[in-house]
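Trainee: Fit chain B to the given chain A structure using the hints.
Protein chains: 2
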Amino acid sequence: MIQVVNLGLRAFADAVAAQGAEVVHVDVRPPAHGDPVLVRALTDLYRADQETANAEVLRRLDQEVPYVVDVRPAKDVVPGMGDRMILHAGPPIAWDAVCDPLRRSMRASVVAEGWADDLAGAERMLVAREVDVAAANEHDTVVPLATALGPSMPVWVVDNPAGGTRAFAPLGQGSGDVAWLGRESVAAIERLVFLRAVAGPMLKDVVARLGPIDPFAIAAQGVQMGDDVHMRVQASTGLLLRSMLPGIAALDDAVPLAAYLSANHLFFLTMAMASAKALTLSAERVPGSSIVTTMARNGTTYGVKLAGDRRWFVTDSPPVEAALFYSGYGPSDAAPDIGDSAVLELVGLGGAATAGSPAVAAFVGGSMAEAARVTGEMRRICAAESTRFKLPTMDFRGTPLGVDVRRVVETEVTPRVNTGILHARDGAGQIGAGVATAPLAAFREALLALAEVR
Amino acid sequence: MIQVVNLGLRAFADAVAAQGAEVVHVDVRPPAHGDPVLVRALTDLYRADQETANAEVLRRLDQEVPYVVDVRPAKDVVPGMGDRMILHAGPPIAWDAVCDPLRRSMRASVVAEGWADDLAGAERMLVAREVDVAAANEHDTVVPLATALGPSMPVWVVDNPAGGTRAFAPLGQGSGDVAWLGRESVAAIERLVFLRAVAGPMLKDVVARLGPIDPFAIAAQGVQMGDDVHMRVQASTGLLLRSMLPGIAALDDAVPLAAYLSANHLFFLTMAMASAKALTLSAERVPGSSIVTTMARNGTTYGVKLAGDRRWFVTDSPPVEAALFYSGYGPSDAAPDIGDSAVLELVGLGGAATAGSPAVAAFVGGSMAEAARVTGEMRRICAAESTRFKLPTMDFRGTPLGVDVRRVVETEVTPRVNTGILHARDGAGQIGAGVATAPLAAFREALLALAEVR
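The listed protein sequences derive, respectively, from chains A and B.
Numbering of the first sequence is given in the working numbering, commencing with residue 1 and proceeding in unit increments.
Numbering of the second sequence is given in the working numbering, commencing with residue 455 and proceeding in unit increments.
Next up, chain A with everything else stripped away, as it sits in the complex (with noise of 0.2 Å):
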């Protein structure tokens, strides 16, 4: 293997491999730019018991298997869930401060409810704070994009056995014309009234005859088969679509779930979203880890979270960059990042997966060398690497896991998310995808914080 190690200044290292060439940089600028109180902290970090409590962390993230038990109404299974409660994306945030595609879920979502008979009197319930607007995150659920989960929507119910944490995601709403997209049309309305109705009874009875779902184990083959298992998991729903087929087929009027389910080639993304969370509920459980275990943005601001700590420490959302726009918009139309879904690079998948996966390959350049610097970048952020995730076009290597704190802050490189862009103003839904890095300002403030319990 040619390997070349280049000292300072990347732009060599850049070059070299751009031939094609393996490249070790050593990165001898001071560590977080010198800071000094910055060093200090990471000076501090890196003693002996932080790494037990990392290691611990990491045994989490790495070796516990969530389980898909049920289909359930959110208000029946998630914890503190209020009868007129809106769970949304990221960190916890006042309605006057809510992004434009994540009010119009809103209400959507409130109309879907039945709280509101129409678009205009849901926002008057939503100005008069008639609603309860709250963070998915801390009632250990997850929430894609503009997400607004109501009490009646049905949830993926995940059980991590060996942690003893449940966790839950709404069942997705497809593409298209769709409210976790910025959309409230009658069609995204009504798409809301068809999960409650009709997807969330009739997944419930096909897990049942299904019996608990490993979605990992099924991850693990979608990485094998290009999946990013973030803004791809093609062939993971593939593969969940397969097993459900004799109790699909089993249910009286199918018709249109299968429908839904037939167009809907991310199906599997929530499920896996929700399997992620019931890692992190564990991991998060280890005090005085400096492993990242929220990381999560509603379209305004973006918040980190480490294990034992139940701070946010927030900075603004930042813009999708490394992007593909659909035809006719362009980085002026986009929302900044939102949603939960970054819970994925925290397992070793997404933007830490990409090396693997053709499909997002072409939203960071086209090539997959492109695509293997994505991994590459969080590889020199992670303290571990997946067990259970490994990257072909790596020799099967294990994809980077456990976004550590002082590595991000010592080397200002920040986690990539694979993720999609909304419209920021005129209700369009999707406008592109592409890859977010997560803004510094945040692990900072986590890292002093950090410093400053031990």
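In case anyone wonders, no lab produced these hints; they're calculated from the structure.
Honestly, I wouldn't trust all of these hints.
As the list claims (entries may be wrong) - Under 7 Å between C-beta atoms, here's a sample of chain B residues computed to sit facing chain A:
hint, residue
1, 680
2, 700
3, 709
Cβ coordinates follow ideal geometry from the N, Cα and C atoms, glycine included.
Mentor: Positioned in the frame of chain A, the structure of chain B alone reads:
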């Protein structure tokens, strides 16, 4: 890109390639081992008008688009299918020479067709020539491994509108205790009855509801998802079944069909084979080409045909090398190479697409570099590259397409065919899988015959 150009001694090139560098090997051995008759034939055949015929064959193999339009009993659609006829893979063969797994499969088919009450009766009929036994390829049909296709069995009907051809292949029988793997158990016979009575009519309805299926559009996606579309069709099967889901849900009592589909990760295989055959049928109408249009094995002999020539060039069927055996089995248990599925290798799939398949890599040594070598060998003997099947692991370069008998004879590299392995004697069924190397002798005979004709 580090590149090594190697002259002459291949062992040195292999050593460099093992270090991870790209090697261009220039073979300075005399072509065709310097055999004067073959060298003269090759000299004759490298004339300009040869390229004209080849270009038209390659255009048909690469550009024409096959569509699945129906599912019908073989007797209703397969040309020349007799009332008491069994079709098998490979060149025509007399009963006495038929290999053990194919005999078992034929007996199972005779019972399933209702011509005999039991296997002993089936054996008597076959020995007494009361059943016609014919090569599927002579009836525009291709069958995998040891399939014995009776007239009542349902087949995919595949039209190639641009070429004006129509080809057929049976529905896949699934894994395990099934006749196409050389089993003649009660369960294997019941599976054949199920295909005739249940799966065939129901899948006819599903295809009618879905409209014409474009299998090579599915296969092109499958290649992006780690399918070689021969040994591995997991992703393609998932994509196909997702598209069929509404049609399946619309059926009454579809649970048995769904159970069969859910357990059948190879379901797409025969659809792909019939599609490939629809293209080779068009290609073989071009006279005087040196591109191989048939490559098929019956477990005893291996046959090759060229475009525009009705003759089979036949030699002994080879063992399947580079194989992984199921626990407890080894090379001495293995039947020789069998099946018509090598038609896939003629259109840029199977061995030609191995470089993109982590699953197939396991059968050729385990690393993606070794998988790439299989595709590389195919590239040496192919005249073109597919514009529809692209390999992500080779910067989206097309798979090698169009096996040129001149290159095969010249380089003495024969096609690599990814395939399953059946037990040679005891009816155990499938005992492994691997890569078979086609025997050179049949290609030499085909080349000499082509030179003679011109």
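Trainee: It remains to establish, for every hint, whether it holds in the given structure.
Mentor: Status of each hint after checking the structure:
1. Using the Cβ-Cβ criterion of 7 Å, the hint placing residue 680/B at the interface with chain A is satisfied: the shortest such distance is roughly 5 Å.
2. A hinted interface residue such as residue 700/B counts as satisfied when its beta carbon comes closer than 7 Å to some beta carbon of chain A; here the least separation is about 4 Å, so the hint holds.
3. Checking residue 709/B against chain A: minimum C-beta separation of about 5 Å stays under 7 Å; hint holds.
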